[in-house]
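Based on the hints, put chain B in the right spot on chain A.
2 protein chains.
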Amino acid sequence: MEIHPENLFQQILQAKQRLVGIANPTPVMTSRTLNRLAAGEVFLKCENFQRVGAFKFRGAYNAVSRLSDEEKTRGVLTFSSGNHAQAIALTGKLLGVETTVVMPDDAPEIKRTATEAYGARVIGYDPRKESRESVAATLLTDTGSTLIPPYNHLDVIAGQGTAALELLVETRGLDALLVPCGGGGLLSGSAIAVKANSSTCRVIGVEPELADDATRSFRTGKLHSVHNPPTIADGTRTPSLGSITFPLVQHFVDDMLTVSEEEIIEAVQFLFYRTKLVVEPSGALGVAALLRKAKPDLQGNVGVIISGGNIDGPTMRKILKS
Amino acid sequence: MEIHPENLFQQILQAKQRLVGIANPTPVMTSRTLNRLAAGEVFLKCENFQRVGAFKFRGAYNAVSRLSDEEKTRGVLTFSSGNHAQAIALTGKLLGVETTVVMPDDAPEIKRTATEAYGARVIGYDPRKESRESVAATLLTDTGSTLIPPYNHLDVIAGQGTAALELLVETRGLDALLVPCGGGGLLSGSAIAVKANSSTCRVIGVEPELADDATRSFRTGKLHSVHNPPTIADGTRTPSLGSITFPLVQHFVDDMLTVSEEEIIEAVQFLFYRTKLVVEPSGALGVAALLRKAKPDLQGNVGVIISGGNIDGPTMRKILKS
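Chains A and B supply the protein sequences, listed in that same order. Heads up: take any position in the first sequence, counting from 1, add 123, and you land on the working numbering. Heads up: take any position in the second sequence, counting from 1, add 123, and you land on the working numbering.
Same shape as in the complex, but just chain A (with noise of 0.2 Å):
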């Protein structure tokens, strides 16, 4: 893939105009605690207030606005459990667009019927039989709709660059930034967006130990994966980098760094009995970096990504009794 820095960017500025009145231009909070235990200022973006609940909001809007009227029309498809799913419903009920999610016949029902209330037809599969890609395929055959994927689309991308944007002009300048990285979308927009703005800010990714695929990735030049890792961050649980963010993680990303499931846990705790913010697992990962023994070498003005704030009662109850 060849890749043009200033075009990303300006995909990623078109999205910001787009997003204007419909997206929430989510609050960049600080905690006195948090600077202390991590030596410098420290911004956190919380996309735990953005619409749905998590900065997939943005990317699915974005893409799902750039189609054409008649493709508009032929309705939009996606498989994904998780946030995207939301995103793409809230999407398609805001334009008028018909939406359809395909999620395994085993994903929580919370889940199911979130995604079911914002208006999308959701279609299940028997993962054990068939896999998603199949499944969407007869669908996208069948009915002419458009596929939106959950990361691996440059529109897509350029939406969530513009969290990382919003967060570079309300604190007028940072020295690190630090991305939850699941598919790798989330992390490459920020990084497009911090690399034409600055050119010393760093853009770090964060992973689960567990979940360590794109580290491994990054590191070795391969694109290395991990199936159905078993991380309390579940937003983390993709496979592997796409075939569009690989790259873009290779040429825009300065470093990765790994955290394990009990530095999660007390991130999320953190989270909430300090800042009084509901952060799900995946949102917590930056946090989880800066509060844990061995900090990365920071200092100055940090940026963190709060990506989303979906955690269902279950797992909240379980990391509030650990």
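For the record, the hints were derived by calculation from the structure and aren't laboratory data. Warning: the hint list may mix true and false statements.
Copies of the same chain look alike in the list, so a pair counts if it fits in one copy or across any two.
To be verified - Cross-link-like lysine-lysine pairs, in silico, DSS-like; alpha carbons within 30 Å at most:
id, residue 1, residue 2
1, Lys416, Lys216
2, Lys216, Lys418
3, Lys418, Lys444
4, Lys345, Lys418
5, Lys416, Lys444
6, Lys216, Lys195
Just chain B, lined up with the frame of chain A:
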């Protein structure tokens, strides 16, 4: 008590000046879902993001900072097992004033530890054998320190009023303001601030049904009390309004209403799942009123003071299980 509204409001303005750069100018949050359910534009003044996690810091800091140098040298004393204890402790640390907090022996260990962590001396007493007033009286005589009670004190009330004042400025006008009511310090201060700025904005205090002493006092004109009400909203377990807050509530507040325990729990859940805010049960009283079936008759711009976010793990686990 003679009431001089203009003078009382001046004290709030002065408190505002004292708190600049010290208290957090807490954010005002909105929620599309809440607007829809409440049938109005709702503005949440998030004092859960205040220092020590509750509005109490405003009043404590204002009161202690008004003491003379000589009084400061002799220290400050209070009785509280709640947010006021931590607010006094942090204030003492910031102003270099020794603080002593009288707390029953059976207060949760977490409250004692948090108060001591801010540098206060905690004096326990056996609530079956002694009253906190008698323990405090002995200490005051012995040390010459100054008592700063949790709500029945004009400087405390003036400090608490600064939250509503910030909300009024940020929202450019409200049609109603919902305020949790325990001892009435926050409610009095809020009402004074509103009435000095608006001839149309209604101020409504909200109490748990199980701790409805202020509502009954308001309706009858006679001071009622409730001892150790078993409400989950621990910040409202105060026995009654005080000699200062009762007349202020009567003079400035337009109405009082009560919510059930179930409604309080639903409000904490709603704030957790839908707005991603960690709010303690007392802090959710205003939202509980907006969400209940028998909604108060409110229209237009409705402000709600979210008074605090200090909820312990076991309580939140119980609420998320409901």
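message: Regarding Lys416 and Lys216, is the shortest C-alpha distance of 30 Å or less found within a copy, between copies, in both, or in neither?
response: between (45 Å within a copy, 27 Å between copies)
task: If the cutoff is 30 Å on CA atoms, where do Lys345 and Lys418 land: within, between, both or neither? Let me know, please.
output: Classified as within; 27 Å inside a copy, 59 Å across copies.
- prompt: For Lys416 vs Lys444, is the C-alpha pair at or below 30 Å within one copy, between two copies, both, or neither?
  reply: within (22 Å within a copy, 33 Å between copies)
message: Treating 30 Å as the Cα threshold, decide for Lys216 and Lys418: within, between, both or neither.
response: between (43 Å within a copy, 28 Å between copies)
- prompt: Between the shortest in-copy and the shortest cross-copy C-alpha distance, which are at most 30 Å for Lys418 and Lys444: within, between, both, or neither?
  reply: Intra 25 Å, inter 35 Å, cutoff 30 Å: intra-copy only.
query: Using 30 Å as the alpha-carbon threshold, which applies to Lys216 and Lys195: within, between, both, or neither?
result: Answer is within: at 12 Å inside a copy they meet the 30 Å cutoff, but 60 Å across does not.
When each numbered hint is compared with the structure, no violation occurs for any of them.
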